[in-house]
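Number of protein chains: 2
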Amino acid sequence: MVQEEEKQILEKITPTEEERRLVYGIAEEVRRRVEEELRALGVEAEVRVEGSVAKDTWLRGDADIDIFSLLPPETPKEFLKTRFLDAARKATKGYRQVERWAEHPYLECTLDGIRLNIVPCYKTRPGKWISATDRTPYHTEYVLKRLNEGLKAEIRLLKAFMKGIGCYGAEIRIGGFSGYLCELLTLNYGGFRRTLEEASEWRPPILIDIEGYYEGHPEDALELFQHPIIVVDPVDEARNAASAVKPKRLWEFVSAARQYLKKPSQRFFFPREKPVPKPEQVRKKLLARGTSHIALAFRPPKAPPDILWGQLFKAEQAVCRFLKRKEYRVLRSACWSDEEKQAVLVYELESRRLPAIKRHVGPPVWMTQHSQQFLEKYLGNKEVATGPVIEEDRWVVYLKTGRTDAKNVLKRTIGKEKMGIPKAILESMKKTLKIHADEEICILCENAEFSRFLNEFLVGRPSWLEHNNTSSKT
Amino acid sequence: MVQEEEKQILEKITPTEEERRLVYGIAEEVRRRVEEELRALGVEAEVRVEGSVAKDTWLRGDADIDIFSLLPPETPKEFLKTRFLDAARKATKGYRQVERWAEHPYLECTLDGIRLNIVPCYKTRPGKWISATDRTPYHTEYVLKRLNEGLKAEIRLLKAFMKGIGCYGAEIRIGGFSGYLCELLTLNYGGFRRTLEEASEWRPPILIDIEGYYEGHPEDALELFQHPIIVVDPVDEARNAASAVKPKRLWEFVSAARQYLKKPSQRFFFPREKPVPKPEQVRKKLLARGTSHIALAFRPPKAPPDILWGQLFKAEQAVCRFLKRKEYRVLRSACWSDEEKQAVLVYELESRRLPAIKRHVGPPVWMTQHSQQFLEKYLGNKEVATGPVIEEDRWVVYLKTGRTDAKNVLKRTIGKEKMGIPKAILESMKKTLKIHADEEICILCENAEFSRFLNEFLVGRPSWLEHNNTSSKT
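Residue numbers (my numbering), protein chains in the order written: chain H, 33 to 506; chain X, 33 to 506.
Chain H with its partners taken away, still in its complex shape:
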C-alpha cells in the first residue's frame, strides 16, 4: 500500500524503539502517579493515556503525552481549578510546569524535550458532555478500534504532510487540521494517498460523515455546520471535527495534495529552511515593490496562545478596516508574534498617502433633511474640490484629502478611536506601540524570525509550490 517514495518518509517520521520505550515509560509512570495523587484525595478517577501516544500515531520527536483523568460527573468545577491542579503538580514534580486554560484548567509539563498534558475531564456518556475534553476518551477508543499497523503508518504520513505544508494543528494561529482529524480522514479514505486523491477533487460543500449520521438528509449537516469543510465527529453527531480549519488552510492542503500526486517529493514533508534574509536585503525588496508598508509593533499582552492569536487576527482586521474606511488601498496584511516580547501587524498599501481627491457620496436628493444637512456642510466648504453635484439621484462632493500619510493617521488615532481592536491589544499598544513605515520596518528584521516572516509575506508563494512541479510537460 505504501509507495516507494513514502517508505523513505516513514523511516524518518516513525518513532524509534528507544523513543517509544521512553515515551511509554514516562506516560505510564505519570499516569500511575496522577492516579495515586487523586486516590489520596479520595477521588475515584480513571486515569488514562489518550491522544496520539495512546493510539501510537505520533510523529518521531513530537510526542505530546496526554494524561486524562476521567472524573465522576458530580465532581464540582471548583475541584478542577484547585485540588486537581495540585494533584497534577505533585504527580509531575521535577517537570517544568505551566498552567494552561482551554475551557477549564490543565497542566502542561516538560522534561527533557518530552511534553505532557495533565487534563481533567468528566466520565460521561456520549452526548451528555459536561466539558469539551470529555469526548477525548471516546475519540481514542473510536480510532483504536479501527487501527492496524498499516493505517498507523498512513496516519503518520498524512500528519507529517500536513505539518510540512504548514496545515497541521487546530490552534488559532494555524487554523489547520488536528491530529484526530488526520486520523479520521485516513480511516475514512483508507490511506494517505487515497486521502490526497480524494482531497484533490474536493468541491464545496465538503461533507464527510463516516458514521452516516446525516445519511439521507445531508442538508441538515450543511445547515448546522457553517464551515468550509465538515467532518462529522463519529462520537458526536453535533460536532464538526474540522471546525477549526480556515478556508486558506483547507485549500492549501487540497492544492498541495494535487501537486504532490503529480510529482511526489520529500519537499512537502521536510521543507527546506530558507536562510534568514538580512535587513538590507529586505530593504531592497520593499523599495523595489513601489508600494508602501506599515508595521505596527508592540509587546503582546500575556495570554494563552489561542487567546493571543485570536486577538491579533482581530486587531489585524480592525486596523485593515480602519485604513480602508479612511480610503487607503490595502493590498494585503498579516501578523506575526513570538508570543512573548514582540507582535507586529503588517500592511501593504498602494500608497501611504491618500489620492489627492476623494469622492464622498451623500444622501439621495429625495431625503430632504439629509440633503439639506449635506448641503449645509459642504456648500462653501474649503475642503471641497468639486460639488456638491447630483450624480444619478444622490448628492456627491469631491474632497481634497491633503494626501494624508497613513502612518500619521494611525499614530493620531490608535488608542483614541474605537476601531474594534480587542481591549488587551489596545492597552498594550497604548504603552508600547511603535509604527514603522517602509524602510523603517527593516529595524524589526534584526529579529530573525520576523525577518523570515516578512520575507515569506512578500513572496507569498507556499514553499511547496515550485515552477517545475506544475508544468504538465515534466
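Be a bit skeptical, because a hint or two may be false.
Which copy is meant is left open, so a pair is good if it fits within one copy or across any two.
Simulated pairs of lysine-lysine, DSSO-like, Cα-Cα distance not exceeding 27 Å [what the hints assert, rightly or not]:
| # | residue 1 | residue 2 |
| --- | --- | --- |
| 1 | K390 | K432 |
| 2 | K432 | K356 |
| 3 | K356 | K390 |
| 4 | K432 | K310 |
Just so you know, these hints were derived from the structure itself, not from any lab.
Chain H is already provided as a structure; the job is to place chain X on it using the hints.
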C-alpha cells in the same frame, strides 16, 4: 395666484404683442401655404399649428412654430420622405431649410430668428398611432381644453425655471423636461409654485397619472415604465410623457425647487453668464487638484444632435469602463461638443499612472483545471511581485504594473480593441483623435465654449446652488 417675485419674471418671459402678431402671422401664412401645396398634390390633409404656439405657452423670443399635416392613414410612408418634403420646401421658399429626421423626416426652417418645423403625421384615433408624431394634435387638444390665461402664465414660469436651471428639453443632450411635460405638471398641480412644492416632496417611485388610467393598480404603471419619473400621457396610457428625464435632471429640478421656495430669486430663471476662464486659469486649476485629467478630442461624426449625443454618451461610458477595467481610478467624466467641429471626452483620474502593484484574483482552488492553468501562467512569471497565494478559497497573484500611463494605454488601444465605442465615433477617432493629458488640455480651452464647459465640470456645483441660499438662518 402669481406671487410678486414671479410677476417680474413674467414680464420678461411673456411674448410681447409684437412678437405674438409676427409669430401668429407667420404660422398662419405657412400653414395655409402647406395646405395649398398638399392640395396641389391631391392630398386632403388637415394642416394645423401645434405645440406651444398653438397653446400660447411659448417663452418670449423662443418661438418654435410647429406646422403639422395630418395625412390620411392610408398615405404611404414613401410619400412622407419624398413629395411631402418637396411640398414643405415649396411652402417655405426663402427660409433656410434643413431636413431633419426623428422617426420620419420633417423640415426645419428658419427666417429672421423664427424657427418653423413642417411635420407630417397621420390622422389617427388614439391608440391607433402609426407614427410617433400622431399624438401631437391630441396633446395640443388636451392642453388647450384645460387652459386659461392664468395657467398659461404658470406654464411659462415653469418652463423658464426649467430652462434657467438647465433641465428644459427632452433631447438626449439635456435629458430633461419637455414643454408638454411642463404643461402637464402645471395642469396637474394647478400652478408653478404648487408644482415646485409638490416636486420638493417627490420620492421614488414618482407616478403622476392625471387621467387615472392606473387607479387601483399603480404597480402596473411602475412595471411598464422603468423610469425615474412616470407621468402617464393623458392621451396615451401606454406612454410615459417623462421617459426622457434622466435621474440627474429630475433631482436637479427637485433640489432647485426646494432652494427656490426657500429663497426665490431671478437667478434660477436667468443664471448669470460666467466669464470664460482663460487657458492659464484652467491650467492652474487643473494642477492644483493633484489628480490627472485625460481629454480625447476628435471631430464629431455628422449626425442629427440626438443621434450624436447618444453616441457621445455611449463613447464616454465605454472609455470609462475600459479605463476601470485597466485598473485606473476614474473619479468623474463628461463630454462636450459643438456638434460640428469638435467633440471632447474628459476624464479625471486619481492618477494617470497605475499603482505599482495590482491584485489579480484567480479561480477558486476547487476549480482544478482553471487552477492548474493559473499556476502555469503565474509560477515563475517575472511580472509577479507576490504569489500565487491562496486567499480564502482562491488563487491570487500580485502583479507589477510598470505604472503604465493611461494616456499611452488609450493611444495604443483606441481603434484596435473593441471597447463598445459606437462605430461612427470610432471611425472619427481613428482619423482625428488627439489625446491630451493634464496641462496639455489647456490648448483646447482656446475654444471659449469648451473652456466654459471644463470650468463647470471642475466646479460641479449647479449655478443656482449658492451658499447663503441653503442656510436655514437666512
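Evaluated hints:
1. K390 - K432: Classified as both; 7 Å inside a copy, 24 Å across copies.
2. K432 - K356: both (17 Å within a copy, 22 Å between copies)
3. K356 - K390: Result: close both inside a copy and across copies, 13 Å intra and 16 Å inter.
4. K432 - K310: So K432 and K310 pass the 27 Å test across copies only (23 Å; inside, 40 Å).
Of the numbered hints stated above, none is contradicted by the structure.
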